[in-house]
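Undergrad: Chain by chain, the residues run as shown.
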Amino acid sequence: MAIERSLISGSLAMLILKLLSEKDMYGYEMIDTLRSRSNQVFELKAGTLYPLLHGLEEKKFLSAYEQTEGGKVRKYYQITKQGMKQLQSQKESWNTYAAAVSHVLAMEGV
Amino acid sequence: MMETYIKALLAQIRCQKAHPMIEEEIRTHIKEQMLENEQSGMDKENAEINAVYDMGDPIAVGTSLDHIHRPSISVSLLILMAILTILGNVIHFFVLADATEKWSFLRISLVGYFLMCGTYFLDYTFFAKYAKKIGVALLMFVFFVQFSNIAISINGARRYVPFGPFQISLMQWMLLYVPCYSAILYHYRNTKISGVIKAFLFALIPTYLVLHMSGTIYAMIMFFTMSMLLTISVYKGWFLIPKKKFYIIYWGGGLLAIVATLYHIMSLHGYQEARLSVLLHRREGVNYVSTLLASLQKGSNLFGESGQVTNQVLPEGGKVYILTNLMVHIGIIPGVLLCLLFVLFYVKLFRMAIAQKNELGMLITISCIMLLVLEFLLNIAMNALNVPVMATYLPFVSAGNQSLLVSYVLIGIILSTYKYKSVLPKQIEIKKRKVKVLA
Chain A
1 MAIERSLISG SLAMLILKLL SEKDMYGYEM IDTLRSRSNQ VFELKAGTLY
51 PLLHGLEEKK FLSAYEQTEG GKVRKYYQIT KQGMKQLQSQ KESWNTYAAA
101 VSHVLAMEGV
Chain B
1001 MMETYIKALL AQIRCQKAHP MIEEEIRTHI KEQMLENEQS GMDKENAEIN
1051 AVYDMGDPIA VGTSLDHIHR PSISVSLLIL MAILTILGNV IHFFVLADAT
1101 EKWSFLRISL VGYFLMCGTY FLDYTFFAKY AKKIGVALLM FVFFVQFSNI
1151 AISINGARRY VPFGPFQISL MQWMLLYVPC YSAILYHYRN TKISGVIKAF
1201 LFALIPTYLV LHMSGTIYAM IMFFTMSMLL TISVYKGWFL IPKKKFYIIY
1251 WGGGLLAIVA TLYHIMSLHG YQEARLSVLL HRREGVNYVS TLLASLQKGS
1301 NLFGESGQVT NQVLPEGGKV YILTNLMVHI GIIPGVLLCL LFVLFYVKLF
1351 RMAIAQKNEL GMLITISCIM LLVLEFLLNI AMNALNVPVM ATYLPFVSAG
1401 NQSLLVSYVL IGIILSTYKY KSVLPKQIEI KKRKVKVLA
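These protein sequence lines are chains A and B, in that order.
With the first letter of the first sequence counted as 1, position 25 gets the number 25 in this note's numbering; the numbers rise by one all the way through.
Numbering-wise, this note's numbering comes out as the position in the second sequence, counting from 1, plus 1000.
Just so you know, these hints were derived from the structure itself, not from any lab.
One should not assume that every hint holds.
Okay, derived cross-link-like pairs now, DMTMM-like style, lysine to aspartate or glutamate, Cα gap no bigger than 20 Å in a straight line [to be verified]:
#1 A/Lys72 <-> B/Asp1066
#2 B/Lys1421 <-> B/Asp1066
#3 A/Lys45 <-> B/Glu1024
#4 B/Lys1017 <-> B/Glu1429
#5 A/Lys85 <-> A/Asp24
#6 B/Lys1426 <-> A/Glu43
#7 B/Lys1031 <-> A/Glu43
#8 B/Lys1007 <-> B/Glu1024
#9 A/Lys75 <-> B/Glu1429
Partner residues are not named here, just some residues of chain B that face chain A (Cβ under 10 Å, in silico) [said to hold, decoys possible]:
#10 Met1021
#11 Ile1022
#12 Gln1033
#13 Asp1057
#14 Ile1068
Glycine included, each C-beta is placed from N, C-alpha and C at the ideal position.
Looking at chain B on its own, in the form it has when it is part of the complex (with noise of 0.2 Å):
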């Protein structure tokens, strides 16, 4: 009878991935009812009849479950990113002298939009349950392609795998690894310091192969990030060891001790030693770019155009350095509402993520929030702050296909885990259990 009551009231749900989470609270409700009823000395079979009784019409019950437990889509995040996806258009036809890169860029806008779509239909619990198993994959690629002769070598960065027509550019979608680390953390809940250990070279591995491709700032974007995730899986409860400890001792020891190991295993070309001999000692005459930027900034007119030429004599034609660029020909405080508007865009996805009950869920959407959050104020500090010249983008405003590309996924996965908000419990099983057969 309990059986038969269940089942009519998850007929009536019809998200399924909200039934296990229902199904355990309501048997176990009936099961404590049920003792309740033996116990006042009713025998079995009413004890389970009364138990259900007691329980409601099964039907009125999951149709009211139904309504509360149904996937969401951010309809106002959709329109935000159509927003975004026309002020990055409307800036690019404005500033770019260049007409075939406006319209590349149009193209790849609206490709990446509806690569956004399509990744909101993407169930993040089936990928998080392979997290570590795609994790090792995705590293075994990459370090293949590295060590061997399949990537394409510029200036002995081997960054570029050719793919057809195209130049996949790895550092890019190497990024879209860190959202896979927050399930490869889930993977790791309970386990002691050894987890932790496994956890950190999850974090390492492809730190490692990051700085090889020479993407020395992507390489601390995504260790930072993947850091910050492990540190809040660590505040979560999920690794049972002091908490306090670990910080004390990762934030404050470890890290700087990986980062010296590092520097040192790694040979720098000759072009990387001047490049950081200028960001360290600020050779006069040698940055130039950050020199040119400075000088823009000072000549910018708070509204309007200051007839300062920007296309010519900025590297790339000032693509990179669009906020600046913005500046130049629409004036600072338009540059300055510019960056406003991504900090609005920025704390609704920090609430899209406190919003969401499920711990997996919220750190891969963390992960996604922090990799655009970091791209988005080095850009700021290095156009508007004279913070040494790297390679950054705004993101949704700055040239560079691929980097677009991966910052519209990165909104399509937030989308798709922002789904399941109101279906997922706290915890999810996502680790296979190993049934033991006794002979």
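So here's chain A without its partners, still in its complex pose (with noise of 0.2 Å):
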């Protein structure tokens, strides 16, 4: 089923804090970790998720550093205390905003 884009792009930065807050990844794994766990709902292209991680970072949400990995030199991303808290609000505020659409949704016609 296709979803609106304007449903995604909203929670997209909250869905990264959260993929990253259980381990670092790199980009590639972001969005095939994405894709996996959302059912195939999140096709997150390339030219989405790198903006978005380094705007992440340029807040000080996340960290990156570099490993080299079977010869491959690879960027990972790590979450940061402010990427944790920022990440707890977003939860609550999607909670919140979730929550009320159900309620209105779940309401039969008055």
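Fit chain to chain and form the complex, with the hints in mind.
TA: Written out as structure tokens, the structure is:
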């Protein structure tokens, strides 16, 4: 089922922070993980991901480091303390929003 | 196709310095996607086409990245420096009796402000590439000047070099070696104990040269700052050595050994021995300036003029002891408030250092801040806490043409490193790679 883009774009930062709160990842790994965890709903393009990652790094929600694996140098991202706080705040906002939407959708015509 | 995509993307990013970091990340991603596509059965050509298609519009991606990776300017620091410049001039016009000195301070502070703005445009990564050569050239120049007849000798101290109508204070401008030392440390990244020893020598030699100019306090400030920079670089993992061992050996034992050795090597002039004796034993009646400062502070009011005379009784008309002068003429509380303003100023500078992603930029920023903070602390200690008199100045407030200019240049260096805070990655390549040509 196609999901409206505006629904996805607003919560992408939160989803990325959530993934990184579990473990450090590089860009390609994030796209792959997000796809499988969302049952193919979120097909994130790399061109959307990298500006998002760099923006989050600029705001000090993430930090980056390089690691060599099997001859390849990959840039890994990790969440910072500020990033964890931001994730917590965004999760609370999302839960409030989602509950309100669900409540309205559940109401029969008044 | 991949190269065309990357070229189109990078063309949107105006700051060239950000290109290598972004190019590497995008290229790595496309190659990973290509590999997966090939593993799922595509041929090489289609694997590349699909991988590039999955990236999205290069113009849109490049434009988004351009918004993030652009040079920064700390407008708040420029405004703060303008305020400190005005404040310094207000203090001089209010406190000093000598009209010529006020106008001299105004001229130099304006020149300094513009010098600071000019330094912003310098590219520290360019100078970092040649840091070792610059450092060696500077040390050789100072060594040559010291041990030849070029430097002007005053009471045995060879610290001024004639330059046309001016006398350049080697001691003041040597402080700029310290930010250069940060870049020298960066050259020794990923080396072992031999790198640490070489880095240490790059700190020891300028310290000796400044000591030879009879600039004991400046030598101490420089050596302490460079020791801290070396320690930070070890902590950051720049050197492949056990960190705890370094801390214990360097700070615990080695430092004492070096200082003791230098003390025995240096032959002190008669007046220096007498000064040291006063410093250590505090003989009554000899250390008159400290006694006078304490008496002036005691006689100052919390607010307002105390009626005490300073310009004729303190050496150099009280210019160096500007804080005591201020407290005598407008009160202790305004003096304390001035110190608090400087504390907030230095906290802001430290936050700018921490904001740096690039480790070299961060270390250079810290080196400049430490030089200013140490001068500030020593001057406060001398003025307000009755610590024995020494050659210090209150940055941006005390009279002293060349010390004022050097202070502005240090802030200019901080602005220059801050410029690339959103542009450069954590580590950058500053060494030229040696390419072996195989026969």
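Undergrad: So if I understand the rule, the pair passes when the alpha-carbon distance is 20 Å or less; does A/Lys85 with A/Asp24 pass?
TA: holds (17 Å)
Undergrad: Mind checking the alpha carbons of A/Lys75 and B/Glu1429 for me, to see if they're no more than 20 Å apart?
TA: The given pair, whose Cα atoms are some 16 Å apart, holds under the 20 Å limit.
Undergrad: Is the interface hint for B/Gln1033 satisfied, with its Cβ closer than 10 Å to some Cβ of chain A?
TA: holds (7 Å)
Undergrad: Compare the distance between the alpha carbons of B/Lys1007 and B/Glu1024 with 20 Å, and conclude whether the hinted pair is satisfied.
TA: holds (12 Å)
Undergrad: Are A/Lys72 and B/Asp1066 close enough, with their CA atoms no more than 20 Å apart?
TA: The given pair, whose Cα atoms are some 26 Å apart, is violated under the 20 Å limit.
Undergrad: With chain A as the partner, please determine if B/Ile1068 meets the hint condition of a C-beta pair closer than 10 Å.
TA: Status holds, d = 5 Å.
Undergrad: Need the status of pair B/Lys1426, A/Glu43: alpha-carbon distance at most 20 Å?
TA: Outside the cut-off at roughly 30 Å; violated.
Undergrad: Report holds or violated for the interface hint on B/Asp1057, using the least CB-CB distance to chain A and a cut-off of 10 Å.
TA: holds (7 Å)
Undergrad: Need the status of pair B/Lys1031, A/Glu43: alpha-carbon distance at most 20 Å?
TA: holds (18 Å)
Undergrad: Checking one constraint from the list: CA of B/Lys1421 to CA of B/Asp1066, max 20 Å. Satisfied?
TA: Holds, at about 14 Å.
Undergrad: Taking the least C-beta to C-beta distance, is B/Met1021 closer than 10 Å to chain A?
TA: holds (9 Å)
Undergrad: Does B/Glu1429 lie within 20 Å of B/Lys1017 when you go C-alpha to C-alpha?
TA: holds (12 Å)
Hint check: violations occur at hints 1 and 6; the rest are consistent with the structure.
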